[in-house]
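Those protein sequences? They're chains A and B, same order as listed. In terms of my numbering, the first sequence opens at residue 1227 and continues consecutively. In terms of my numbering, the second sequence opens at residue 90 and continues consecutively.
These are calculated hints, taken from the structure and not from any lab test. Glycine included, each C-beta is placed from N, C-alpha and C at the ideal position. It is possible that some hints are incorrect.
[Stated by the list, open to error] Non-contacting residues of chain A with respect to chain B, defined by C-beta distances greater than 12 Å in every case (computed):
hint	residue
1	V1238
2	T1242
3	K1245
[To be verified] Heads up, simulated EDC-like pairs for lysine to aspartate or glutamate below, C-alpha to C-alpha not over 20 Å straight-line:
hint	chain 1	residue 1	chain 2	residue 2
4	A	K1266	B	D173
5	B	K131	A	E1229
6	A	K1327	A	E1229
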Amino acid sequence: DTEVTQTPKHLVMGMTNKKSLKCEQHMGHRAMYWYKQKAKKPPELMFVYSYEKLSINESVPSRFSPECPNSSLLNLHLHALQPEDSALYLCASSRDRGNEKLFFGSGTQLSVL
Amino acid sequence: GESVGLHLPTLSVQEGDNSIINCAYSNSASDYFIWYKQESGKGPQFIIDIRSNMDKRQGQRVTVLLNKTVKHLSLQIAATQPGDSAVYFCAETPYSTLTFGKGTMLLVSP
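So here's chain A without its partners, still in its complex pose (with noise of 0.2 Å):
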């Protein structure tokens, strides 16, 4: 299984809202990651975390919570968005932290109203 599964695809969320995106991946890997990535840009990290812990926060709002349960999850707590927040929202996850190649999902695409 090389697979990183995201879910929903696509979410539409109020600005008063609370959503969560989620990610799984069981490929052992042991460092997870959360990108943003606006359309025609490349995508931009937010969160690393490695070990099951956050190890990189890139100066992301806290209305954006990353949340780590187990090895194999990733989850990403929404609230109160911006709709400057709507983009596609990337996990990936590789087998370590470092010099490694990253193994993206298919992304959540959002959407603030």
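Start from chain A and add chain B according to the hints.
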């Protein structure tokens, strides 16, 4: 030919041609580089990687060249096919964190 617009640079080629996509990376501390392909509505897909102790690496129909002197990376695709149409990103790892370049859209016409 190649055009650089307000948004994504685009390379247009004919089916069967060889394509060359270029990337200027920014950080001389980077020691690992990856090329990703991203099709519409999908996540980035790994194509090929290269470490800084090499200057060339070949895969199936793809070759990556690395010139550390001028901080330049290129991806060569042989016998380009319509299924190769996508956005291609180079990525570098300064300080062990993957950072993406701006991307190039490859359009392959039959």
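- prompt: Hint numbers the structure violates, sorted upward?
  reply: none
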